[in-house]
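Asker: So the protein sequences, as listed, match chains A and B.
In terms of the numbering used here, the numbers along the first sequence are unbroken and rise by one, the last being 648.
In terms of the numbering used here, the numbers along the second sequence are unbroken and rise by one, the last being 350.
Just so you know, these hints were derived from the structure itself, not from any lab.
A virtual CB, placed ideally from N, CA and C, is assigned to each residue, including glycine.
Any given hint might turn out to be false.
As the list claims (entries may be wrong) - Examples of chain B residues toward chain A, derived with CB under 8 Å: (1) L51; (2) E61; (3) K64; (4) Q172.
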Amino acid sequence: MTMIDRRSLMKMGAGAGALAALGVPAEVLAQAAARGQLTLAFPADVPTWDPNARTLAAVQSLYKLVFDQPLTQNPDVSIKPALVTKWTLENPTTLALDLRSDVVFHDGTPMTSADFRFSFFERAKLPVPEGGRRLDTGFIWRKVTDIETPTPTRAIMKFSEPMPSAVAWLAFLCSFVVPKAYVERVGLAEFVAKPVGTGPYKLVEYQQGARIVLEANDRYWDGKPAIGRVTIELVRDPTARVAAFESRRADVAVDVPIREAQRLATQPGVSARLDPIADIMLLQITKNGGFADDRARLAAHHAIDKVAISRALFGGAATPISVPAAKGTPGYPPNYDFAFSVERSQALLREIGHSAQNPLSIKFASSNGAFPNDFEMARAIVQMWRRVGINADLEPIELSVYQERLRAGTLPEATLFSWGNAVGDPEMYGGYLLDPKSIFSAFKTDEMAPRIQPLLTETDEAKRIQGYRDAHQFAAERGFTIPLLQTVKTIVHRNEVAVTKYDNGWILPHTWSFKA
Amino acid sequence: MAFLALQLLFRRLLLALPILLCVSALVFGILRLLPADPVAMSLPPGATAEDYEKLKQAFGLDRSLITQYGIWLGKLLSGDLGGSIFFRRPVSELVWVALPATLELVALSLFLGISVGVGGGLAMFALRGGLGEQALDGATTAMMAIPEFLWAILLILLVGVSLQWLPFIGRLGPGIQLPPTITGFLLIDSLLAGRFATFGSAFTHLLLPSIALAIGLAPLVMRVLRSSLLETAQDDYVTQARLRGISENRILVRHALPNAALPTISLIGVQGGFMFGGTVLVEMIFAYPGLGNLMVDAVRNHDLPVIQAVALIYCVLVLGINAVVDVAYLAVNPRLRLAGAR
């Protein structure tokens, strides 16, 4: 089977510029804009319209248009009230929540604490049918032993043990409120076919893998969205998304290649944003083979010029990071910097008997096309390592292979990986990536267990945050992880569209508007 | 003739069963041997190693390969394609939405490829020895030299972006409503519902991806047909027809073409099968929601039940095209009909 070479596709896309400049009737979309309609070229589709079923960061924005989460986030990723107006940790295992009283589902029924209980307790604990599996909310909220609903606007979550990240989880991934009465009346299949939420838009048309059409919810508790109708064209291929934008078939295109975003920004009437977000790119490290010695891993980290990679591959927009967390999030230690130093790297390698003449040989794996510029970044790192005396044998792998090797403990010394954390809570960084018990951690060391595991139940927020900062820094200084850069989100849009930029990469058209 | 065709189709069906069984076993086995883990890929945060083992059991992935295959085959025979690991929905539900889209795409691509191929082949033959033939020859070389996914991109850039003549995203234009689902085929359903605007939109959305796929078929058909016609033109019966004073056009259409068509039909059968493979990339580039796009998602997420089902459906479609080609062969070749009758 012939495979698309991403590089050649991007080159073709660059060539599109000249062709696209040959006169494009901008009035086509201007007419749509005048009618309050927006078309968005988006790269992913929902796997199912049951928002509690999957924890997929790529489509959380789509779910957020139709459903609501108990809490949500400000553009700077701080948590803010949504369906829940106030939250109080009454004791380490009891979280009391006050709900809004003015929220109605798209079918006109009011949202109450019964719906909250249904979404986060009853559905999560449903018996699993033969050959089936639990909803993902069932894994996330497994510590919930009950949710009391003393009034329609009050819910009290009871946990089997402290869950300090519960508040963050109420704004994260698949934590959405679904209508108990409607789901029970029509059944799951009908609910998935005709989803009803409390979100800013109603789903009016869905073509699997092709298009989502949304209409503003007149009775939205946070006010009717300024953009009345949103058509989301599901376009997987980045070049096709660029073409959709250039042909004025889309007002906004997201996740376009960096160079395309830079090129489009030079066109009249077009704006492009390249922003670092809370997701991070890092090297998942093991102590296998050549990385058994701490000094080898630290030498590898010191040898990587992250600023140069950001400049060369991300237009300088990818913020270099020294610990496995995005800068500015609570778990990032302020003023900590892991230095790029070729001399330091060479000195460490010399201590263990390696140099450019007698290089240290390691295996290095990277996905190719799973996230922007992944393999290009891996190749750049190989060159940087070669300069100091590390000879990396680079192997492209699929994400499914990565997962299998991670589980089996057979990952090579280093693997380039991307980690999403829209909510920015430190537990979702170090808590998963560094805890040796976590299924997501690659470097399994008992040294990290006492630093991370107490934090998973620590209810003193200041102590918890400081604990994660210390653990992140410790892991970087011991070479248990090699953090690289924050991921870059690209959005190109017509100047007429006022786009709200979220630091976690959310694409939320209900927070946008058309400029007068 | 009709009886012979039915007999042939029945024989084909009998032959198809062991082929399908082999293909299903092969696909099933190869997917299980790959060092990839669909269960680990689908685990959410909060899942533990015990959850992993439980899920593996739930999906039956902890059993022996033969047991797994037996269970899957048993369910398949009862019409159950299983549940998708990634989509968390029945595979049959996903497939029945995507399959008609791909069938419409391939049908139009075959129609365009055969029409242009046969027309071009006849033109090349008619213009033989002249500049026209050379020009057409050059054109076929250019068409064959560029792979279909690149044609797809070129067509988007030229016809979709620059000239803005045709749409290139999805199956319908914005604002055009889906017709009620009767057959699942958008063109047919929109006609049945009397929604001609929907039909027009669906048809124009099909054109560019169909052209991208047809470009792979048309030049081959042109060249093979031209060669066959050149060969047939030397045959005695053609010379005798000329001596009887029959016009060149009549000789071409009534005598030479039916004989020259046989190798072309074989070629269409083979290339028609390849065309289904081509839909994977073309559908992705045109954001066309067919089986190809579904397969891309399934492969990315190592969604074994979906990959198995789609691979098997591709196999059925290819076998179906071959059966149709056999019947076409029977229709144009009297010797086969005679042999069949004996």
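Asker: Hint by hint, say whether it matches the structure.
Answerer: Outcome of the hint check:
1. L51: holds (6 Å)
2. E61: At about 11 Å, which exceeds the 8 Å cut-off, the nearest Cβ of chain A leaves the hint on B:E61 violated.
3. K64: Not OK, violated: B:K64 not within 8 Å of chain A, min 10 Å.
4. Q172: Holds: closest Cβ of chain A sits about 6 Å from B:Q172, inside 8 Å.
Checked against the numbered hints above, the structure violates hints 2 and 3; every other hint is satisfied.
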